[in-house]
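So the sequences go chain by chain: X and Y.
Last residue of the first sequence: 1383 in the numbering used here, with the numbers rising by one and none dropped.
Last residue of the second sequence: 785 in the numbering used here, with the numbers rising by one and none dropped.
It cannot be assumed that every hint is accurate.
Pairs of lysine-lysine, DSS-like flavour, derived with a Cα cap of 25 angstroms [to be verified]: (1) K1319/X to K116/Y; (2) K735/Y to K1319/X; (3) K125/Y to K1329/X; (4) K88/Y to K116/Y; (5) K68/Y to K1329/X; (6) K718/Y to K735/Y; (7) K196/Y to K283/Y.
Simulated restraints, written as ranges between beta carbons of each label pair [what the hints assert, rightly or not]: (8) G1179/X to P164/Y: 54 to 60 angstroms; (9) I1190/X to G482/Y: 32 to 38 angstroms; (10) N162/Y to G1179/X: 55 to 61 angstroms; (11) E1201/X to G358/Y: 43 to 49 angstroms; (12) I1190/X to P461/Y: 50 to 56 angstroms; (13) A23/Y to G1179/X: 51 to 57 angstroms; (14) P1357/X to Q51/Y: 49 to 55 angstroms; (15) Q763/Y to E1201/X: 38 to 44 angstroms; (16) Q51/Y to Q1355/X: 54 to 60 angstroms; (17) Q478/Y to E1201/X: 52 to 58 angstroms; (18) E239/Y to E1231/X: 51 to 57 angstroms; (19) T237/Y to G1299/X: 17 to 23 angstroms.
Derived by calculation from the structure, the hints in this document are not laboratory data.
Since the structure is predicted, the reported quantities are computational estimates derived from the model, not experimental observations.
Each residue gets a CB set at the ideal place from its N, CA and C atoms; glycine is no exception.
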Amino acid sequence: MQTEIKQISLREVLHFLGWHGSPLDPQWISTLRALCERVEKEVHPRVIFRRFPIESGGRLQGTSWAAQGEDARAWLASCEEAVLFAATLGAESERMLLREQAVSAESALLLDAVLSAAIESVCDDVESQLRREAEASGEYLTDRFSPGYGDMPLEQSKGICRVLSADKNIGLTVSQSGIMIPRKSVTAVMGISQTPVPRRPSGCEGCSARATCPLRRADKDE
Amino acid sequence: MAAQKITLLDGAMGTMLQHAGLQLGDRPETLSITAPDVVAHIQRQYVQAGTRMLLANTFCANAHKLAGTGYGVEEVIEASVRVAKRACAGTDAVVLLDVGPIGELLEPLGTLKFDEAYALFKQMLCAGEAAGAEGVFFETFSDLNELRAGILAAKECTNLPVYASMTFEASGRTFLGCRADAAAMALSALGVKALGVNCSLGPVEVAPILRAMRTCTDLPLILKPNAGLPDPATGEYHTDPEKFAAACAELTDIGAAYIGGCCGTTPAFIEALRLKLAGKKAVWTGKTVHGICSASEVCAFGQGVRVIGERINPTGKKRFQQALREKDMNYIVAQAVEQADAGAQILDINVGLPGIDEVDLMRRVVTAIGGAVGLPLQIDSSNPAAIEAGLRAAPGKCLINSVNASESSLQTVLPLAKKYGAAVVGLALGESGLPSSSDERMAFAQRIVDAAVKQGIPREDIAIDCLTLTVSAQQGQVGQTLEAVRRVRTELGLETVLGVSNISFGLPQRAIVTQAFLTQAILAGLTLPIINPNVKEMMDTVDACRVLSGEDAGCAAYIERHAPVTDAKPKAAESGKVSIREAIAKGLKGESAAAARELLQTMTPLELVEKELIPALDAVGEQYERQQIFLPQLMNAATASGAAFDEVKRAIEKQGASGEGKGPIVLATVEGDIHDIGKNIVKTVLENYGFHVIDLGRDVPAQRVVDAVREYGAKIVGLSALMTTTVPNMEKTIARLHDEGIHIPVIVGGAVLTPDYARQIGADYYAKDAKQSADIAKSILG
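The following block holds chain Y by itself, in its conformation from the complex (with noise of 0.2 angstroms):
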């Protein structure tokens, strides 16, 4: 049980200022330097009404909000800090620096970069700190990787005190789809002195939100909600300050430490808190759900079997590889995607490859999968760059796969989990090399473990890896892999982790030998199976055991997946051989590839390509251009011809040639827009014709695709831009070719673009479609 004295925060500020005539739009921070006296004399009333932790006047002073304002970051923080403290004159209250979100999305979803955030917030952070400012308050914000950014650069550039808080819908969720528990979680990790809510809604309907949080933490909350409901015709609020400060009172039980109000309230808000509260304290217990989180779910440890997704990861897999070193995210997040769908809790991020550079691309990947994927993260690497590049950019609280208890490694990787509040997987290895008992796994762990809890990390963040040996080779080594996972759940109590596939590497049919282990693996208590989930049989197992265990209460979960399905949809009647050309046209891909594969007996690759596949798709392209079908079509037939050129480039490869198509031509949305529909049906369509498309994807700066042409050889390069406000950034990036001296054919499109405006920006040329961008590629490249 904890318990700790209440602090009054403030009530509105923009709320007062709009009273005191603020019209809506303009920044209230520069105010503290046009009309201190009216900022100073509302913050006066608050600090007279209870107030002990004052904001300063500086929400929104991030060098983008107050860009056109004519004032600077420093000097609007500065004085903002400086009116606080007059208000505060003559008391014990003290004054933080209020930090709200930049007001642009991050990326994935948007195209703010962590790192930029992160600097706009340093500079804040910076200038409040040499203001004067005696913690910093982060509040409103729905970004939980936003809001990471900037306790990091609180964190890493100064030795303030960090309070941070969200603002959630009635759903428990923020706008970008956080939850409260999962913000608790994360936020906890990285070392706040309180979190909680601000704005949303009323402190009734605030509750819920909070008390979700309370159940991922054990530090005190943060109450600062909105005085009930808005109107909504008007957006006034219509609570009275009692009725708010009666419902704030009932959260102290659960660690409401810091009270305040936000949107609506006033100092009678902040009055009636004090009334209302005077002689309580905040009392709480601390949490019951501990495990790891991304921003949207909680994976909770403890509560038994939490599969880990084993693919995202290049070892033994050449078009994995590929993707890798082409940095074809929709293709690593596709794989994500599928393991999300068969069941994964976690996903493992593996990105380790020869020749590349690992920690950009940790952070390329973790940022790619974040944004589609909503599950925790597991980042493994043996390259702690890698590793710290994969924590800080993944929204959430990960695991680290791995430490091992030799020296070097505990003093490399104990660290980051501590700064990053990681759980860690422990492997049960050293300096000494492999173990070969269940002992020398037991004394690694422990020494493992001792380390970890000296550092600071709780022991409910340390799962152990007992190692899985492939038994085809060291058969006597599979009990004593059991025995250890049976100790490290009975004697220490943690998680367990165990590579569960390596099993039966070298056999054949290994999904025989692999599953039969999974089962007593888990027997034994291994909880965190590192599994492909794409296979049934080891999903099915893990059902089984769930239901065996009595995890799966009711069976409900097994019985849900398993109960017989009659497929209500007859399947389309078998309409018997189709001819190569009709499958494409139609759009049947299984058909075309089948085709392809038997024309393939009598024709050599080259002839089914120039004989078959490219007049069958200029039919489809000429019916395209006669407006005789339509884009989905097209798209439908392309998609069944790259079938039939896998077979092709199968065909090609087994001959021992490259069966890499002809190109490469490298596509990009250029900076600033992420509209990136039309470039994605234009690869589409592309690679079905044959070419080698090396996608950059979205927002991609002129020296990405300069580099990329170089790095790659491509000999053509496609831009696209939407909205008039990005094509200029097209023009720069040609212009950025042409200065680098490239003069490989650009073809450019999209909505706002015109064939003259095409050429009067250097490109060399337009097309109106996918479809014509095939034919510029194809007149180029033959």
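The following block holds chain X by itself, in its conformation from the complex (with noise of 0.2 angstroms):
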């Protein structure tokens, strides 16, 4: 299903470049908003989810596919059903991106990170979309929860992309490596329960990775 991003973040795109907060140029700034406004005109993202029950065991109904690691699991352990979830910036991201990268390093960082919040976004959006539905039939949706969060192995992309027939269906594939392309492309598993669920802390505190990352935020979140 094709969608559109309906607005990225500059915050967002910030906080990809690693901004502390350092004094800005207002026309950098008025550039980078203009890329922000080309990728949501010139990139066409595209989404795919199905919904399944969740056998015991954790299994997926009607796929050979089960959320492994401890994190996932305890993330789904009140859920009678799971959506999978995969969504793509496509190949214009890629190809806007060889462009960028062979005219300059520079402009390539700016849209990669910009980049980087549409697909966020367009992630939000359709989780946004999809806790509206469940709970307008009185049931609740988790966050979604993506490998390589935790300790739910990268590896699992794969299996999701197989279930959804991600490659025929909205162009995603998986490389020998285990390496999604388009690289703008985000997998994941989201719970549905009858009984309020948990919300993941928001920002950094859940990841496991926070000890090194980065980007990670000064504070708690923004």
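Put the two chains together into one complex, using the hints given.
Below you can see the structure in the form of structure tokens.
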């Protein structure tokens, strides 16, 4: 399913660029804003999600996929169903990066950060929409949990893509070395429960990479 | 007008197998071995419903997708073809090998090599032919080049007839941006039996896509759409078979001759098609557009002037030659981007340089440019092997530059044009050398046309280069060239090519003469001028000629390009002179270079570097470390200092010494990883600190790092990897260097690395960012 990027948060872009609050040239900011607008216009993200009952043992019904790792299992513990989700900014984003990179590493850096913020915003939008739909039918949706979070192996992306036929349905592939291409792509699992579910501590606290991550936010989260 | 009887294909296999209990994510192909009766039962239903071309259950039976199933390609394909034949028994239905995408992206967007894809397909195709399949049906492809790899494998390794189908979005493009008309042109060029659309959408939504294909091919079309659009929540389809069949039937009058269904269709859909199409034939008229294409652009011939950009060519360009020697693809791609932005519609690709491997470079350059710039290409070489490498790698239908009328050229180049379905430029000269009159040019042209047509190359795929000679040397030839252009257009009716810039060689202010010649040549009938599109006067001339000829209807394009613009953004007030340190700190490139030039009046280049540039960079680096500035600002400053370093280099070279920086340092993102933003930042910063960097790019095998260190005499190696899954390849690369007796310092970096981990994998240094990389390089190289 094709969707649109609603709005890229400039703050999020600056975060990806490692900004710590140093003074910024207004003209530079307007260049960055223009780049965000270009990406919002030219990049057409694609998303796919499907809902499955969780069988005892954690396997999703009708598939051979189960979340691995303590963290993901704990995450889905109180859930009866799960949504598998994949999103990608598509081949256009890769082409833009290749092009920009040939011209200058600086502009490629900016574009990379803008695209990172863009895929986050797409995922946030879909997640909110699914949450609204769940809540409308009296259900509760957990935050999304992606391979690579906590102790959930990165390799599980491949399985999620396979169950969703992500290559055929949204053009998202996984390389032999386990890299999702297009790079600006996300896979995740979300739990659905009949009872309220705890939300993930926002920001960096819940992340296992918090000790060394260069993007760790100074405070809790803004 | 062509006509053909309609052949019914089958419907969905996956949908049917899921109803029979297949788990999502499992490989349906292995069921041909584990549950052959289930597969045969479904296929038998299709044959009974009317299917006469049955696709074996082999869609994903490639070695990568079968990995981990415990079954090999040959056994799955043999079993699948056998099951399908069983389902056809007693009927006149035939079995085709079904081949889908490998599921990984090819270079340059992905990491799968064209040759690897070729090998994976070859294995399937040979197994299919051995098992008795009567043809191959490639379907659901989004990447034209992946499909091309499969078709070439089928043509080169088997005798199977080839059917090729792609999947599109409602926009008329595939996920990879391939246009339907471009796909039709490129696939026709490769000599398939039929081409078309499968999957994608429902038959109603697919209609405009199939119509777009019709404009660029004479072949019968394949129509194998989904059962309408799925319910987004459940993935279920709701179109009824009769509506589906009625919508499909409407497309027989544009030549839909192979009709079936994809996702969501069942035997009932094939039954409905059989009833609806009974007694009908597919009829169609031939293509209306000819020319060349990339995956994303069609460049139509016969509709006016099409500009060929000449800048991808090392002749007389030192920096370009260096880029070729160092395989610096980013530099070359940047030349392509610049020309595309300037209005080029075709890019000439010439990488011929003494002492380099032209075949390998042609493949690399064509691949790299194809990822970033969507223009069709003109493969320009005198080496047939290099031409073939270019034609193989290019996603689309290319123009070959060139064949001439000599027997040896006709015999080596025309078969390549035929095999790859490329268009070809015929250079109007022969064994006897340069022509001196328009008559001689015409005679050579005629000879080329005759030989090409005899080879089966369509006339419309031939363009003639009437040869521009330098006016300062052979003034009398200009008229002959122009006359020949006129005659090729009027007497032969072919496209015409000229290397326009040659005209003014050796004269001052060349653009004046070149521009006048271009105008005269276009008036005479030149349609494919090879020019430098970055020279404004050249493109202005093209714009004006298009207005005067009527090609630019309503002068719309001209007005868009040349309407006076008032610069809305006032230029930043001239701040007067700034010091070089301030210019670098603020990232002002022009000012930094200007200040450097001025300082070089009173300082030696070395003094300037030591007393001004290095301290300025150090100051910026310190601010970065103290988080007073962040990465984009550091990069701006580095780039500004790079502009000053360029002035230093020029000054040193003026003194007769080599201006090359310290090093060289070989950089690479290791095999399997394509996350190279960080590596590129390191490269920029190192270069702008005055180091000479050889950038091997991304997804670089260990051996290439070893080879490059030897070839360029590198002093340092820098490796990057972003993912936990690719860091092991970093370790492998370091081990390979050591095994080969290379013990120069290795610096590693990447998000998941730590200093401890770096030591563990045998690296000498860990750099947390670009600034630290530069510090380490400085400490090693001084």
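Hint check against the structure, violated hint numbers in rising order: Those not satisfied are hints 4, 9, 16, 18.
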